[in-house]
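Enquirer: As you go down the protein sequences, you meet chains W and B in turn. Counting from 1, one number per residue, gives the positions in the first sequence under the working numbering. Counting from 1, one number per residue, gives the positions in the second sequence under the working numbering.
Simulated from the structure, these hints should not be mistaken for lab results. Computed from a predicted structure; not experimentally measured. Ideal Cβ placement from N, Cα and C applies to all residues, glycine included. Heads up, some of the hints might be wrong.
[What the hints assert, rightly or not] Derived contacts from chain W toward chain B, CB cut-off under 7 Å, selection only:
1. PRO7
2. ARG88
3. ALA220
4. ILE224
5. VAL227
6. VAL237
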Amino acid sequence: MHPPLTPRILLLRTSLAAALLAAVLLSSAMVGPQPVRLKTALHGPQIHGVPNPHYEILVRVRVPRILLAAMVGAALAASGVIFQALLRNPLADPYILGVSSGAGLGAMLAVIGGVSWTLWGRSPIALFAFIGALGTVWLVWGIGRVTGKYQVTGLLLAGVVVNAFFSAMIMFLISIAKSQQLYATLFWLMGNLTEENWFVLWVGSGCILTGIVALFFLGAPLNIISVGRQDARNIGVPVERVELSAFAISAFITAVAVSLSGLIGFVGLIVPHAVRLVFGPDHRQLLPLSSLGGAMFLVAADTVARIVVAPAQLPVGVVTAMIGGPFFLLLLVAHSKKVYGGT
Amino acid sequence: MTAAIQLNQVCFGYSSQRPILAGIDLNVGVGSFLAVAGPNGAGKSTLIQLMAGILRPQSGSVLLDGRNLYSYGVRDLARKIAVVRQEFLPAFGFSVYETVLMARTPNYSQWGFESREDREMVAQALKRTDTAKFASRSLDSLSAGERQRVFIARALAQDTPILLLDEPTSFLDIRQQTAIYDLLKSIQQESGSTIVAVTHDINLALQYCDEALLLCPCRREGPDLTNPTCSAHYRTGPTHEVFAPEEIRRAFRVGIFSGTLGSERFILPLGKRAKDANLLPPGDVEK
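Work the whole structure out from these sequences, hints included.
Expert: In C-alpha cells form, the structure reads like this:
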C-alpha cells in the first residue's frame, strides 16, 4: 500500500510530474506533419528579412494548440477529481451534472440562430457554450438542493435527467439544422482542439490555472467529505462551504475548458482513477498529480490526433477514448490487487 | 455530578404527526458511560444525532457544558464531541492510517498538512485501539470488528472529552463485542471520557455502563402518554434499575428470562418456542 503522504513526497512527485509535462510539451511541439527545427525557430519571425516558417509553425500554430490541450486536460482531470469526491461516486466525471449538454445546447443555439458577430476574432459559439454550461450546472445544483439536502442521489438524478432532456433538444436542433451548420457543431460536440489566438489562450489559461490552484487548498477537507458529509461535519469541517466552493470552481473551469475545446470525454473520468490507482486516494496529492497527468494525457492524445491521419485531423475526443480506454484497463488489472485486497 | 450533556424537555419527530421523542429529560454526567437502548424505531439514533448537533429538537433544549449545543460552531463542537456512526460506505480505498488522520483535518496548517503533534495523536489512537498493526491496509480489506476499532481510533484522534457511538457492536461476533466494550471502558477510565453508546445488547450494557436510557414507544405512532400500560415512554437512571427485567419486557414487548451470576444480572429474550421448552415457571413469559 501507499505510504502516508508527507509534504516532501508531495513536492517531489509534483515536481517530477511537472518536469515530465514539460518534456511532453516540448516533444509534442517538435512532432507534426511538417518538420520543425527548434534552433531555426529560435531565430525569430524573420531571418534576413525572409519569413521564418519554422517560427511561424511553432509559435502561431503548434504551441498555442498544445498549451490549450494542456489547460483543457488539466481542467477536466481536476474537476473529475472534485466531482468524484463530492458525489462519492467513482463513475462521476466533469460532465455528469449537465455541463456537456448545456454547453452543447448553447453552441447549437448559437449556430442555428445564425449568430454572425465575432468576439476577439472568433465565433461566439464558445461564449454561448460557456453560458449554457454554467447555467445548466446551476440549474442541476438548484434542483439537487431542493430534492435532498443531504443526499447526492437527488443531485445525480437531476444531472442525468437534465442531460437527457438537453441532449434531446440538441438532437431536435440537429434534425432541423442546415447541413453546413451541422458540420461545425458536430465537430465541436466530438471534442476538438484548434489553433487559438494568444489572447483567448491567456484568458482561458488564467481562469483555469487560478481555479486549479484554488482547488489544491480544498484537498484535505475533501478527503473526509469523500468518506461522508456527516463524518466531515462531526470532525469539524465546514462541509457546506467546502462543497459549494469546490462545486463552483470545478464547474467554472469545466465550462471554460468545454467552451474552448468542445466535449472531450474520458479525460475527467480516467485520469483521476489512474492517479488514484497508482498513488492512492489522498486528494491533496490527487489534485495536483491529476491536473498534470490530465495535461500530459490530452497533449499526447492531441499529438496523435494531429499526425495519425495527416494532413487531415481526428477529433481529439476519439483519440482520448481509443488510447485511454485500453491503457486504463491495463492499469486497473495491474493495480487491482494492490488496492482491493491483499496486504 | 456535573452534566456534560443535558437534555431538557426535548421533542423531536421527522413529521409533525409522529413525534419520536417527546419531552426527554436527561443528564449525561461528566465521565459517565451511558447506554441507550430501546426497540427499533424508538429514536436511539435520532437522540445521538441530536446530541451530535446534526439534528435540532423541535422544542426543548440540549446543553453542552451548560451552553446551548446549537450555538457552538462546527469546529468548536468537534473539539468537544466525537461521533462513531453506524454506516460505512467504502469510498476510494483510503488506508487505516489515512482514515484516522482525517480526524485532525481542522488542525492542519494552511497548506493542508498535519503537524508532528497531529501525527503523534494518531499514533496513540492507533496504539490504544490495537489497530497500528494494519495501519497501512485499506479500510475495505478489514473485518467489521477491525473496522469498528478504526472508527473508534478516529474518534479518539479527534481528542474530545465526549464520545457518541451509534451501535458500535452491531455485526460483530461476541468476542469482538466484548473487545469493543473493554476498549470503551478503558477509554472512560483512563481518559475520564464521557461515553454515550446506543446498543441492542442489554447484557453488555449491564456489565459495562453506569447509566442507561431506555426508550419505549408503546405504539407505532409514537409515544402515547395516555396509554395506561405505558407508564413512561422512557426511563433513565443507573443501568441495573433501568434495565430491570420488567422494564425490558415492557419496552421490547418480548418474553424474557433473567438470572444472576454473582453480582451480574443477565437477560435472555425468549421467543414462542421457549414456552414449550418448559424453561420457565408458567406466567413468566408474557403473551
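Enquirer: Where does the structure disagree with the numbered hints, that is, which hint numbers, in rising order?
Expert: Violated hints: none; all satisfied.
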